[in-house]
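Each chain, written out:
2 protein chains.
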Amino acid sequence: MSLKDRGYADKVLRVNLTTKRCSTENLDPDVMRLLLGGKGLGAYYLYKESKPLADPLSPENPFVFVVGPLTGTSAPTAGRFGVVTKSPATKTFLDSYCGGFFGQTMKFAGYDAIVIEGASAEPVVLVVDNESVCFEGAADIWGCTTAESTKRLKGKFGADFQTVVIGPAAERLSPISGIFNDERTAGRGGAGAVLGSKRLKGIALRGTGTVQVHDPAGFDEAAWIAYRMLRMSNQIKRMNDHGTANILGLVNAAGALPTRNYQEGQFERSNEMTGEAWSKEYWTRSIGCYGCPIYCSKIAYSKTRDIAIDGPDFETIWAMGVNCGLTDKEAIIYSNYLCDLYGVDTISVGNIVGFVMELYQRNMISSTDLDGVKAEWGSGDALVALTEKIAKGEGIGELLQKGVREISKHYPGSEDFAMQVKGLEMPAYHPNAAKGIGLSYAVSDRGGCHLRGSPLAELLGGADPLTYEGKADLFKTNQLDVSIIDAGILCYFVKFGITLKEVFQMVNPCTGFEYRDPRDLERVGERITVLSRLFSTREGFSVKDDILPKRALAEPLPSGPAKGHVHELEKLRTEYYHIMGWSENGIPTEERLVELGLKEILQ
Amino acid sequence: MSLKDRGYADKVLRVNLTTKRCSTENLDPDVMRLLLGGKGLGAYYLYKESKPLADPLSPENPFVFVVGPLTGTSAPTAGRFGVVTKSPATKTFLDSYCGGFFGQTMKFAGYDAIVIEGASAEPVVLVVDNESVCFEGAADIWGCTTAESTKRLKGKFGADFQTVVIGPAAERLSPISGIFNDERTAGRGGAGAVLGSKRLKGIALRGTGTVQVHDPAGFDEAAWIAYRMLRMSNQIKRMNDHGTANILGLVNAAGALPTRNYQEGQFERSNEMTGEAWSKEYWTRSIGCYGCPIYCSKIAYSKTRDIAIDGPDFETIWAMGVNCGLTDKEAIIYSNYLCDLYGVDTISVGNIVGFVMELYQRNMISSTDLDGVKAEWGSGDALVALTEKIAKGEGIGELLQKGVREISKHYPGSEDFAMQVKGLEMPAYHPNAAKGIGLSYAVSDRGGCHLRGSPLAELLGGADPLTYEGKADLFKTNQLDVSIIDAGILCYFVKFGITLKEVFQMVNPCTGFEYRDPRDLERVGERITVLSRLFSTREGFSVKDDILPKRALAEPLPSGPAKGHVHELEKLRTEYYHIMGWSENGIPTEERLVELGLKEILQ
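These protein sequences, in sequence, are chains A and B.
Each residue of the first sequence is one higher than the one before, counting from 652 in this note's numbering.
Each residue of the second sequence is one higher than the one before, counting from 652 in this note's numbering.
Hint data in this document are derived by calculation from the structure and do not stem from the laboratory.
You can take every hint at face value.
Heads up, the list lumps identical chains together, so a pair's fine if it works in one copy or across two of them.
Think about it this way: if two alpha-carbon atoms lie no more than 27 Å apart in a straight line, the pair counts; the simulated DSSO-like pairs of lysine-lysine are:
(1) K805 x K888
(2) K1043 x K1025
(3) K805 x K931
(4) K888 x K807
(5) K662 x K1250
(6) K1214 x K1201
The structure displayed is predicted, hence computed values, not measured ones.
Please construct the entire structure, taking both the sequences and the accompanying hints into account.
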């Protein structure tokens, strides 16, 4: 059975950078029915083809670009792509996603995945023009910023080519470096450094083909219903109006907005950092990715520096603003700008700066150590100066660019307030003030991640954030839903307007897989979750790694609705393992693998 | 044959405001195949049911809300609605369209058209909740601004109701008053005043049904292709980036940007009025109508007054800015805000102010006549003061609110530079600098209108704007294309990304009408054009009314690429009549009516 007229291109491009050989292969329909695509497909390749315990920055680490069966169809938000590899930050499973205009173009070019193997001796760019694939030397743009590299590639190949590139930070293998399609980024976990280690500066890709779904009539109706629900959703409208930061006030009100490196859960000047405040002062227009009816992304313009950036989004406003105790929007914009140019993750950078500010507060680091920077809370100058050092890897930036966990190793005692899990810096929700979120940080495959769990289900009124009851279940459900979204691939934000039911109603006519009901599709999400877990298990990860920093476990929040709260992780984690059918050590059982049908495809 | 599963709701709601009776009727499939819907359907009802030479503000003037077969489907931009009536400004055919979220909701409620007849003795609101229809007294919101009226109606009926309302200007029957769905407006030609004369303050409407197309699979593919082309179009990207005003610099460069009431064709400070300039200083985010992947609309925020408006769009920036010789963005925002609140058309208001400024320049009017306003070119204060008077109809505003043609009657000699056609103020392209545009102003059914012709085909490089050759043909083609878009109903801006071919490819699977090819569909556009012409003919209009103001015909442009140019209308108009198959008097011939199949349905 061919998957070609079922949402898939039914073709994987395999590129070996060591030998410079390329080949293609078809998809295995049995595997795809079990794992759908996107994250599922990437996890499958990573699990099957990676050498256990391989150095993430070695040629042995495969790197997979993926799209899903919905990619490039008329499903709303279906323009994204994902990357799956072993992370140099966490040393285990990494998946990261990116909006913009690359994903659907990859599908239009005829590929469900591009598997990058080996490493090139010299900098190269992969050029894909539908079925034609070749390499071009990239010595001329090696060292260039993401913006300059993108501009030169489009100048060379034409504006109808879409590009992904890495920046200088990825070239020097920073574990906080990402991959960029224009100003959109697959930012978390250091995917950029993996491409840097392979000396693949980027991909220029043109795709002019089409996508056929299995049942166009059924699919059209389902996609239209999803579109309608999204356009009629008030939460989506809020996001369109004031960007992702529309929720900042709500998170702050819940006492869950991590302030000054998570020392507090409320920021006294949060009203200056809301989406509404940014709307009035800085945002100039809205940007939508391919396929998106939401247009959450806002362009900020800085008059003092005459620069415009795509952002800052909620996480960046939190990380670079609230988490550093500052409200200097000009400093945040410029720091975000530097991160984009040099190609590093704004969440990680904001975390690093917040962490350094706390070291400075505690006199554990001096301005001399920081090349003269006075890292005081609230200082926009310090944010800009430290961001520049991180982005360029210069001076103290050589250490800082390695992320919070590595930095903390140099300052004994600071591990307790190094707010990371498995080496990935934590995002904009305080685990102590939202128990399900704390669980998600601890057990998520890629570390301290806000996208697996249920922050908004907990904080926007669906559940009491301060109770533990039901949170393992809530997290499990959200995690499986998100795995399906990442397999589709859609954008997380569809969750503000549609449910798994509507996704199910699109996936069936798209693929013809005849999943029985949304619960049946949920099993796809579970397989993917288990598959990434199996990868981590093979890498030696277990319950011992599913932890939170000591600040979350033992340091009560000083004020706000969650005053006095720590995160009592252990019981919740045990409950989670139990409902997942995993061992007490956090390992999926053989029995569960058989039940899920995973056993056979992984042999 | 029922049209119900062919994009149509197959139901027209007829509301008699005099008797307060409501009824419904089905569509005539033969008529719909000939006229498609939207403008075609509205023109059909207006032609059949209006009393010739009726006063537009009398109960005899029917008022028709229309949607098209594409409305509410997954076709891009298919959320608009139109209104068709006899205009109090032009005393002939009027159609005007509005984005936002009302159109698709009307279809979801189950209506292709709502025909409003008669007039109510007291202010009322029509409440439509799917098949249920009733009236509510509106004495409490009569006199309220559009924003306040909308807020109260949504408060009363619920946020899932969509509304259209009129403002105070329409209540006092100003011929420049429009109809508002939130901040979107069907602005031109005084449709608001017609509802005002009927004392219909607005409609609150909820629709929860669906739209079925004839061939969902074929339709899905066609809609998806159209979506794809729109998202990949560079012109659409420019519009998304910098709003409709992205073209302001281009129009100025062509010498076609009417400056200081059309005295010149280039504005020396145009660089302050471009979309890029507004982006940097004033726009805060982008708004998209239902179904729209473009998001052309920008929200401007005025710090000095703490107000945010949807706009200003290109036409408003031109009318209130360039046409008044000013660059005071705060004044433009506030004037636009006043127009929206009181419910008047920004193009007409900018024209009126520009016209008054020229009267003032020529000492034909004094500041005493203007209640103390010094109407000097470039004065933002004068713009705001005059706009407020017009919006409120106070002082000199009582005259000014009647539009440029009526004002000019009070100032002998000023008719030569009263820049209107048939009573409708002209838009942002100088007819002398773009010959096809001049033709379109002269012969368009609703008067001096920029939406029938081919301004961008002429000015964006498709044709030399200063030649007459081929312009009658170019205008004809664009006029027919636009008639189809208005019948669909789609947004004009799809023309920046798709052609009639892609519209044709959506219309056939939607309706099952089996139009043979795009040319066959073009005949639908021609029928609609001819039908509105027949209405005008019956009202006594002919070649004598297809004219331009003397400034266009006899006053050469003083500078710029079109220096020395007037508009030699006569020959072009004759050529246009000829290729349309109309008499020298501009009347469609019997022969052509038979050829088009119009004869039988109009008997």
